[in-house]
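A.B. asks: Fit chain B to the known structure of chain A by using the hints.
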Amino acid sequence: MSALMAVAIGILFAASIYMMLRRSIVKLVMGLILLSNAANLVIFTSAGLTSGAPPLLDAATKQPPAGVADPLAQALILTAIVIAFGVLAFSVVLIHRANEVVQTDDLDQMKETDQ
Amino acid sequence: MLLSIALPFIAAVVAPLWIKKGWHGSWLALFPLLIFCLTAPALADVLRGNERIIQYSWVPSIGLNLALHLDALSWLMLSLISGIGTAIVLYASKYLENHPDLGRFFLWLFVFMGAMVGLVLADNILLLFVFWELTSIASYMLIGFNHESAKARASALQGLLVTVGGGLALLAGMIMLGYQQGTFLLSEMSLIAESSNWITAAIVLVLLGCFTKSAQFPFQFWLPNAMAAPTPVSAYLHSATMVKAGVFLMAQLAPVFAEQIVWTTLVTGAGAITMLLGAWLAFLAVDLKKILAYTTVTALGMLTMLIGIGSDYANYAFATFLIAHALYKASLFMLAGIIEHQSHTRNLRRVRPLPRSTLVVTGMAAWSLAGIVPALGFIAKELTLKANTGDWLLTAMVFLTAVLTIAVAASLVWQPLRSKSPALPVHGEPWQQWVGPIVFSTLALLLGVFAWVVQPLADQIASQMTGAKVIELSLWYGFSQALALSGASIVLGILLASVWQKTRVLATRLRWLSRRFGSEKLYELTLAGNLSFADWQTRVLQNGYLGRYLVLIIAITTIAILSTLLVQYGWPGMSFDALESYEVGMLFVMLTATLYAIASKQRFAAIIALGAVGFVVALIFIHFSAPDLGITQVLVETLTVLLLVLVLIKLPGLKHYSTRLQRFVDATVAAGFGFMMTLLVLAAQENRWAESISHYFVEQSYPLGQGRNIVNVILVDFRALDTLGEIFVLALAALGVYSMIRLRRSRL
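Protein chains in written order, with the working numbering: chain A, 1 to 115; chain B, 116 to 863.
Since the hints were made in silico from the structure, they are not lab data. Hints may be right or wrong, so weigh each one.
To be verified - Just some of the chain A residues that point at chain B, by a computed CB distance under 7 Å:
id : residue
1  : A8
2  : V26
3  : A69
4  : T79
What the hints assert, rightly or not - Restricting the straight-line Cα-Cα distance to at most 20 Å, the calculated cross-link-like pairs of lysine to any residue (SDA-like) are:
id : chain 1 : residue 1 : chain 2 : residue 2
5  : B       : K765      : A       : L28
6  : A       : K62       : B       : Q815
7  : B       : K765      : A       : T104
8  : A       : K62       : B       : G820
9  : A       : K62       : B       : N824
10 : B       : K770      : A       : R97
11 : A       : K62       : B       : H810
12 : A       : K62       : B       : Q821
Even for Gly, the Cβ is constructed at its ideal location relative to N, Cα and C.
Chain A on its own, in the form it takes in the complex:
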């Protein structure tokens, strides 16, 4: 499965980079969303894929299940998901403002600082 995941991650990255290279500013944001998904999956896959053993301690024995999944990677990704959302919200509002001010959604038209 992890080899297939690696291929899927590669395609996700390719798609996100392609979208980020587009001139339309809306597509840039879509590329950003795909990029954060791809990056999270990289960390997740690299920590090893384990099914059926979540990092939760048994209520009675206070022991983890056998072959427990790596909790540290999950903690990192959790942080990454939330931060990515913060960045996304900010950039979406930012491009909305930019579009309002410059009156274009073409990035190549936005290269001058003077209007």
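C.D. replies: Below, chain B without anything else, positioned relative to chain A:
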């Protein structure tokens, strides 16, 4: 010794305040005088051949110690710096009296003095380099002292670029030399007998530094331009001291490199060419300071050549000439300032008759310049001619140089005498301006007669270089080829001086030629080429298009990582066994949605596809034992879709802006990056370099954190500070979003 270095820097701080108070600058001459008095007593020790060495630890990790040493050569340089410095400060205090920037002038003059003292005392070659560059910077500030003149600024920049550029080469050469020798201390270096490419490269680099600093061919052009500086600066930096730094360093390194063919050939060759070229240009020039600048170039060339020859005669000639030149050239420059003041011109063609006193002193200094009995310069010339016997080419060059120099020296006196224009009313120059010229030109003349005074110092310097035999300094070595050539050069030189006025037409034509094809032209071309290259590459690389920046960054990253990965590691393996059908199905849905999001022309369809991708990612998390991630991902994905729908509805639809070619290029770069990431993830799965630290959290979650959800315990307990940072980032983002929305409302 440390005090000698510190004193000028103290003076540099005191001087501007002193001048600001309205006190007279002459008193500042006490600083260099004090250094001179501190230096003088060390002579006895130096003459016995005892080097004084002091070491203070500074940056031990890179071998940079504050190591100082005082040998005969540095003692001589030190007394020249402080002795001439005293006269120069006195001279400048009157020459630039009432100048609004006098304080700034003294500041940089003293900074220079301190740097120069440090340079000659430094034993560690890295320390020497630091002072070396400091002199360049001080020189820059002083050449450009008259900063309202564009020419002065250009000349200052030229001097700086040439000398600092050479300085960088010098640093590289010094480091190479230091590694070869296993020490960075001059006093511990020894003769290199073998030769290798490494040593050759070190020699060439060191020489680049020395040649630029000492204005050797082909870098001689910056020195005459440096005459844009006020006269005291020209007298001090650009004749007596700073330009000697290169010569000084070469003399210090001569015992190390003496057996290298590259060294002897380059040093002798460049020196001889510079010597003759300088003399020729000095003869052609008409501006008094330019003439002196070119004779300085000649003198530096001769000193360099003597180092290159390295025989006993050459070493003695070097020592004597070093003293003689510093004395008469400093006084000639100071006289040039006086003459300019008295005659209202520096052009030797239009110079007016001068008062008798000026003429006499000029005559004395010019006599030394010409090197005629009984001046110290005469002994130096005799020895130089003797050093060259056997090599007819060098002998001819020295002879021609002597002829031209004598012609120039004679014209310096003759032109004012022959002048037909009316003399200007004489206004006496203050004593401060006369002390230097009178003392130094007298010394230069008398030291020839009393050569025994210089003898012990010359002995010591010669033995410190490569000398073995003691040669007695004397005005009379008996009849010889050298004496005959010396005599002939006097006759020819005076003949040439008599037609000086008539040769000016020729001179103008030749100057035009050298401006077209000289090395200064090369400098200008290099500078212009550099600027236009910078301009071009800035326009290409910094073009302002976000897409192109990204393409470049991503393409380079991809190539760099991919090539490293494949070369160092090879292809990672891939195995598709044990696949569950629903796992393949999940990924299939995700990738289909991704491709749909890319291709779709409708905003909402694209947003929904993106949402689908996010939810599949959540499914993957849940399937592979990460319930918390799954929950968070579902929440965030829902919010993202809502946000996009709300905001994007106000934005234009998805349009195709790029050309087909552009899209193809982008797609290739993107595919390359994706390919690279796949390989990277595969390689990461095959390898685990370090032991995972996760088991600590698993074991300690309940005992330390009292929680059963390990991920949550990590977030709020073990790594709580990180989570605080995360909250802070979110708060900032929220603040940004809020203020942008508010801003719009207030506009409307």
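A.B. asks: Which numbered hints turn out to be false for this structure?
C.D. replies: none
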